[in-house]
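Chemist: Given only the sequences and the hints, what does the whole structure look like? Please build it.
Sequence positions in the sequence shown follow our numbering and run 1 to 71.
I should point out that these hints are in silico values taken from the structure, not numbers from a laboratory. Take the hints with a grain of salt, since some may be wrong.
[To be verified] Once the Cα atoms are required to be at most 25 Å apart in a straight line, the calculated BS3-like pairs of lysine-lysine come out as:
hint, residue 1, residue 2
1, 23, 69
2, 9, 32
3, 9, 69
4, 32, 69
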Amino acid sequence: MGAVEEEVKSRGLTCLYLAVDQKDTGVQEFYKRLGFENVPADPYPTGWTWTDSDGVVQGTVVWIFDMVKEL
1 MGAVEEEVKS RGLTCLYLAV DQKDTGVQEF YKRLGFENVP ADPYPTGWTW
51 TDSDGVVQGT VVWIFDMVKE L
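Modeler: In structure tokens, the structure reads:
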């Protein structure tokens, strides 16, 4: 993560945003330990689709929220 933060700073940016699954509390705590804070906003859905090995299109939706770290 340190290398990512340095790259972001080298581009003249001052903060780093992440989108985190609202159900994954372990990941949330991990990023909080790294200095990220929750953005005060409601969770929102995101999703994707893929074709499985049988050729069937599958899909999923997860609810996420944003976290931010000032650099």
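Chemist: State for each hint whether it applies.
Modeler: Hint by hint, here is what the structure shows:
The straight-line distance between the Cα atoms of residue 23 and residue 69 is roughly 20 Å, inside the 25 Å bound, and the hint therefore holds. Taking the CA atoms of residue 9 and residue 32, the gap is near 20 Å; set against the 25 Å cutoff, the hint holds. For the suggested pair residue 9 and residue 69, the alpha carbons sit about 12 Å apart, so the restraint of at most 25 Å is met. The straight-line distance between the Cα atoms of residue 32 and residue 69 is roughly 9 Å, inside the 25 Å bound, and the hint therefore holds.
The structure shown violates none of the earlier numbered hints.
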